[in-house]
Amino acid sequence: LAKTTQPISMDSYEGQEVNITCSHNNIATNDYITWYQQFPSQGPRFIIQGYKTKVTNEVASLFIPADRKSSTLSLPRVSLSDTAVYYCLVGEGGNTPLVFGKGTRLSVIA
Amino acid sequence: DGGITQSPKYLFRKEGQNVTLSCEQNLNHDAMYWYRQDPGQGLRLIYYSQIVNDFQKGDIAEGYSVSREKKESFPLTVTSAQKNPTAFYLCASSIGGVGETQYFGPGTRLLVL
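Protein sequence lines correspond, in order, to chains A and B. Under the working numbering, the first residue of the first sequence is numbered 1, with each subsequent residue one higher. Under the working numbering, the first residue of the second sequence is numbered 1, with each subsequent residue one higher.
Just so you know, the hints here were simulated from the structure itself, not pulled from any lab data. Note that CB positions come from ideal geometry on N, CA and C, so glycine has one too. Be aware that one or more of the hints could be misleading.
[What the hints assert, rightly or not] So, partial list: chain A residues that the calculated Cβ filter (under 8 Å) puts toward chain B:
1) Tyr13
2) Glu14
3) Thr34
4) Phe39
5) Gln42
6) Arg45
7) Tyr87
8) Gly94
9) Asn95
10) Gly101
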């Protein structure tokens with residue numbers, strides 16, 4: 001499995017756009033990039049998944065450059081309720097379980 | 001109302017005691033997982049199961065046991081061999097292979113008395 005590297009923590013003010021970058025230099029051809037969000041004392045929940053270029057849903061956008069060695073999760077106009085840990089995972093969706101690293105702890109400040 | 005349920009929400013274990021954490025899903029998912037999370041840390045995989053009557057060890061299986069007798073159920077037993085069991089335990093399921101998107105339960109917090 002491709003290893004991922006994310007910043008340990010980030011701070012942002014309410015209303016700002018937050019971009020969390022994940023490095024995955026050894027990503028394989030069949031690997032997808034998936035992001036999860038975890039609030040304190042809850043299980044993680046799926047946010048977004050992509051393979052290349054850009055994916056957008058009602059929660060976030062995911063930007064993946066052509067070489068796919070990194071990806072950026074973009075959260076538009078964050079609010080206090082976006083304070084959580086965000087995990088970047090890379091895998092092919094086959095028979096090998098995905099690996100959750102330590103994630104990025106985002107703190108949104110009023 | 002589909003989803004994953006875990007019980008109990010809090011569980012207390014005495015020294016030398018085995019305890020079992022329940023995980024049930026009505027999503028008709030094939031794969032199920034158990035993770036352990038320590039404060040400020042990420043999730044570590046304990047066991048996973050792709051089909052009924054089959055399961056594999058994850059990264060930290062020592063001191064734990066599981067069974068998968070029914071598709072919807074994947075109970076985890078924390079045995080007395082697990083010397084540091086205090087943690088937040090999360091169960092998840094996915095529709096296909098174990099690398100697919102996972103859906104998590106609310107978790108069980110295990111404390112040692």
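To see whether the hints hold, each was checked on the structure:
A distance limit of 8 Å between C-beta atoms decides the matter here; for A/Tyr13 the minimum to chain B is near 24 Å, and the interface restraint is violated. Using the Cβ-Cβ criterion of 8 Å, the hint placing A/Glu14 at the interface with chain B is not satisfied: the shortest such distance is roughly 24 Å. Checking A/Thr34 against chain B: minimum C-beta separation of about 7 Å stays under 8 Å; hint holds. The beta carbon of A/Phe39 comes no nearer than 11 Å to any beta carbon in chain B, farther than 8 Å, and the hint placing it at the interface is violated.
This hint holds: A/Gln42 has a C-beta 6 Å from the nearest C-beta of chain B, less than the 8 Å allowed. At about 7 Å, the closest approach between the beta carbon of A/Arg45 and any beta carbon in chain B falls short of 8 Å, and the interface hint on this residue holds. Hint status for A/Tyr87: holds, given a least beta-carbon distance of 7 Å to chain B, under 8 Å. The restraint placing A/Gly94 at the interface with chain B holds, with a minimum CB-CB distance near 5 Å, inside the 8 Å limit.
Contact between A/Asn95 and chain B, as hinted, is supported at the beta carbon level, the nearest pair being about 5 Å apart and thus within 8 Å. Checking A/Gly101 against chain B by beta carbon gives a least distance of about 5 Å; that is within 8 Å, so the hint holds.
In this structure, the earlier hints numbered 1, 2, 4 are contradicted, and the remaining ones agree with it.
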